[in-house]
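Asker: Chains A and D, in that order, are what the protein sequence lines are. Residue 41 in full-length UniProt numbering sits at position 41 of the first sequence; the count goes up by one each step and never skips. Residue 130 in full-length UniProt numbering sits at position 130 of the second sequence; the count goes up by one each step and never skips.
If you are wondering where the hints come from, they were derived from the structure by calculation, not from laboratory data. Cβ atoms here follow ideal geometry from the backbone N, Cα and C, with glycine treated the same way.
As a list, the in silico BS3-like pairs of lysine-lysine whose alpha-carbon atoms are at most 27 Å apart:
id, chain 1, residue 1, chain 2, residue 2
1, D, Lys-56, A, Lys-111
2, D, Lys-56, A, Lys-113
3, D, Lys-18, A, Lys-111
4, D, Lys-18, A, Lys-118
5, A, Lys-113, D, Lys-35
6, A, Lys-82, D, Lys-35
7, D, Lys-145, D, Lys-12
8, A, Lys-72, D, Lys-77
9, A, Lys-113, D, Lys-18
10, A, Lys-118, A, Lys-178
11, A, Lys-113, D, Lys-77
Only some residues are given here: those of chain A computed to face chain D with a beta carbon under 7 Å:
id, residue
12, Ile-76
13, Arg-121
14, Pro-122
As a plain string of letters, each chain reads:
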Amino acid sequence: QPLNPCPLGERLCSAEEATAGSGTYTRHGFIFSSLAGWVEKKSEDGGLPVVSVVRDAESQLLPDVGAVVTCKVCSINSRFAKVHILYIGSVPLKSTFRGTIRREDIRATEKDKVEVYKSFRPGDIVLAKVISLGDAQSNYLLSTAENELGVVVARSEAGVQMVPISWCEMQCPQTHTKDFRKVARVQPQFLQT
Amino acid sequence: AGGVYWVDSQQKRYVPVKGDHVIGIVTAKAGDVFKLDVGGSEQASLSYLAFEGATKRNRPNVQVGDLIYGQFLVANKDMEPEMVCIDSSGRSTGMGIIGQDGFLFKVSLGLIRKLLAPKCEIIQELSQLYPFELVLGMNGRIWVKAKTVQQTLIIVNILEACEYMTAEQRKQALAKLSGN
Chain A
1 QPLNPCPLGE RLCSAEEATA GSGTYTRHGF IFSSLAGWVE KKSEDGGLPV VSVVRDAESQ
61 LLPDVGAVVT CKVCSINSRF AKVHILYIGS VPLKSTFRGT IRREDIRATE KDKVEVYKSF
121 RPGDIVLAKV ISLGDAQSNY LLSTAENELG VVVARSEAGV QMVPISWCEM QCPQTHTKDF
181 RKVARVQPQF LQT
Chain D
1 AGGVYWVDSQ QKRYVPVKGD HVIGIVTAKA GDVFKLDVGG SEQASLSYLA FEGATKRNRP
61 NVQVGDLIYG QFLVANKDME PEMVCIDSSG RSTGMGIIGQ DGFLFKVSLG LIRKLLAPKC
121 EIIQELSQLY PFELVLGMNG RIWVKAKTVQ QTLIIVNILE ACEYMTAEQR KQALAKLSGN
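The following block holds chain A by itself, in its conformation from the complex (with noise of 0.2 Å):
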C-alpha cells in the first residue's frame, strides 16, 4: 500500500485508532512519530492497526555481540585502531558504524609485545568480532584475536596489493619488501580463485 512521508515529530492518530510501532510514540493520548519517514499502516488480524514509522523500506542490520565483520582500518595510535565497519557478514552496510579495535584485542597470545603499528595499517581490509555494543560514542568494541580473522587485504608503500606469507607477515609482489601485518588465515571454501 502507498506510504505517506511525514516530518519528525508528526501527529499521526489518536492512540485509540492504532497502536504505537516502532519508530513512534504515545503522548496525551495520541501517536506522534519519532522518525523522519514513512508512515506505514499494518492491520492486525483482532486488535487494532500497527502504525510505525521507517526510514528505509528494508530495516537497518546492525551487528551483534559474536558477529563477524569486515570492516577497513582509518586510523592507528599506538593503543588502538580506528575502523570503519563495512558488511556485517556478507551483507554491504548502507552507512558505516564506526568500531574500535584495542591493542589487547589483536592477539590472543602475547598481548603485551603487541604493536598496533605492525599489525594494521590505515586503509588495511580486516575481518573481526564484535566483542561489544560499545560506549556512548556508538564505536562498536571489535577483536582480532583469532586466527581466521585480521587482515585480508593490504596494500604496499607502492600501491600493490600484498600477499600474505605467515600469520605476522606480507609481502609486495613488485618491490617485495615484507610488511607487518596480523594476517587472517581465511577459511578455504571463503577464497575465490
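Knowing the structure of chain A, use the given hints to seat chain D on it.
Answerer: Below, chain D alone, put in the same frame as chain A:
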C-alpha cells in the same frame, strides 16, 4: 658488497624519523604526556616517565615553553610521533631538558648533517674562538650558549652564515673576530 646507500638532499621541512635526536619545544601538558613541537606536520608526544630517574612520584620539572633534547621512539607516516629522553637501557646519554638561557635558532637540515659529521671543521674552529655549549637537533634546530649574550649572538650568526660561506670565507671571518 652490502652497506647502506642513501641520497642526501637539501630541505628545510623536517620529517620525523625513528632514532633521530631532535630539539622540541613543549607546547602543552596533557595528563601524563607532554606535547612537543618538533617542526614536523604533527606534534610529538613525550611521556613524563621517559626521563632518567623519573617515577610516578618523582616527576620531571617540565613547563610549557621548555626546550627538550630527545630521540624518536616511534615515527612513521601513520601515527603521531613519540619521543623519549632515555635510551633503551634507561640512561639519559645527554638527553633531557635543555637549561636556562642560551639561544635557539633554525637552520637547514643539510647544515645540521654537515655539523654532525665526525671532525667537523666549523665546530673545531668555533671552539677556538670562545667556549660555548651547543645542542644540534636533526630537525634543523640549534641551541647555543656562551659566556655572554654578545658571544652567543656572534656564534649564532656564524653558524647561520656557514650555510652559504665557503671554508675560506669562514676562516677569514673567524680570524677577524679573534683579532678583536
